[in-house]
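K.L.:
Sequences listed follow chains W and R, in order. Using our numbering, the letters of the first sequence map in sequence onto residues 1 to 289. Using our numbering, the letters of the second sequence map in sequence onto residues 1 to 159.
There's no promise every hint is true.
What the hints assert, rightly or not - Covered stretches of chain W (chain R as the covering partner; in silico rule of three or more C-beta atoms under 8 Å from a C-beta of chain R):
1. 19 to 28
2. 51 to 65
3. 126 to 133
4. 173 to 186
In case anyone wonders, no lab produced these hints; they're calculated from the structure. Backbone N, C-alpha and C fix where the C-beta goes; we use that ideal spot for every residue, glycine too.
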Amino acid sequence: MVASNENNNSSGRIPALGFRFLGLIFVSILLMYFDNRDGHLETVRKSIGAAVHPVRVIVDAPIQLWTWLGKSITSRSNLEQELTQHKTEKLITYGRLQKLEALEAENKRLREMLNARSKVPDKTRVTEIMSINANPYNHSLIIDAGTQDGVFDGQALVGANGVIGQVIEAGFMTSLAMLISDMDHALPVEVIRNGLRTIVVGTGKIDSLELPFIVNNADIRIGDLLVTSGFGGAFPAGYPVATVNSVKRLPQEPYAKVTAKPAASLEQAREVLLIFSLIDQDEETAEDE
Amino acid sequence: MNSHYTFHRLPILLSFIIGLMLTIMPLPEVIEVFRPSWLTILVIFWAMQLPQLWNVGSAWIIGIILDVSQGTLLGQHALAMCCVAFIIVRFHLIIRVFPILQLTATVFPILVIYQFLLFWVNGVEGVNAPLITYWGPVISSTALWPVIIILLSKLRNKA
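Whenever a hint applies, use it, and build me the whole structure from the sequences.
P.N.:
Pasting the structure below:
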């Protein structure tokens, strides 16, 4: 056997094993210390991340192939059906859009009256999700865009139905983003019905968010839509975040137990929008008045 | 070192690329908790079989790659991997001759140590997670160990 040959060569001892072990442990602890304290190791992280990139592409390939096959095999009748559906949707959307334009004009006029800055529409860019991490203590995803596409740390990610998360580490070609359901994620929101402002916190469960700071007598109901309030600066205002799905008022506790369901389907999304927000801080103060 | 070691490099590299793919592959949330720690299994196996070629240093590099791809604190998985590799290499002569059931029983506490180190660092960093997320990989990895070791032994013998 090969194994016994090796033993004869070296009598099973690895030179300076203990020394190397202690050295590496020391290096690990040092790395963790510096990584936790400040972002000095970003470049190291990014270069190793670039080395892992090909593996990600390979992992992603079967899924890409599957979607491509699905696209090419779709039957004609299906396509026609989809086309008519899209046409109707387009008509409805255009109808709404006309109203929107009128409203936008009105809004602008009113804002000018209030001497506030007019709201600039956000610039967006579509990007693809390459992989999702959903172990309960780390809800994150890798997106197919990096600093070369202008991605920056803290950038907002939005899906078709609502906010998905934010970029926490912009790499060169891919970036790491944190989902709003991550336990470490908190997001300033407001209830669209009455403007009640609060904070939404992730729970570690992908289909559930928490509102820990709602006082017992606050006006909040099941079905209330929460949108980003734009406070904190990371997220532009007005994007849907979640719908309240349970409100438990506990008389013995200062805060009610409120949970919400994310508006975006965090598990199923394949494409996301990166928001290049053009909003600045002046507007927030204007809204406060 | 010895010339016959060069033959071993390719299967090792291949196994780790597959392991990394399985680690970052998206899974439904229910199964996600029970995703085996593939790379730990591979580190244990290769450290046990080829300790001259594969020991603490290589395990540390795998750990760093894992840290980067999982977005955890840089050095967290590296530290845990390094400890696992050290224990295995230190006792590889004893462990290697164990029958498969006894080997599985030995791997279990080593995986527990690995997860405990991750748990510990998470605790220091202030990341809280339910305990099931730490036990899940231990259970699934131990359960899969006999199957994986048979496959890997075949791969090793071919090399």
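K.L.:
Confirm or reject each hint.
P.N.:
Hint check results:
1. Only residues whose C-beta sits within less than 8 Å of a C-beta in chain R count toward coverage, and the stretch 19 to 28 of chain W has 6 of them, enough to reach three; the restraint holds.
2. Counting residues of the stretch 51 to 65 of chain W whose CB lies closer than 8 Å to any CB of chain R gives 7, so the stated coverage by that chain holds, three being the minimum.
3. Residues of the stretch 126 to 133 of chain W lying with their CB closer than 8 Å to a CB of chain R number 3, which satisfies the three-residue condition for coverage.
4. Counting residues of the stretch 173 to 186 of chain W whose beta-carbon sits less than 8 Å from any beta-carbon of chain R gives 3, enough to reach three: the coverage restraint holds.
Consistency with the previously given hints is maintained throughout, with no hint failing.
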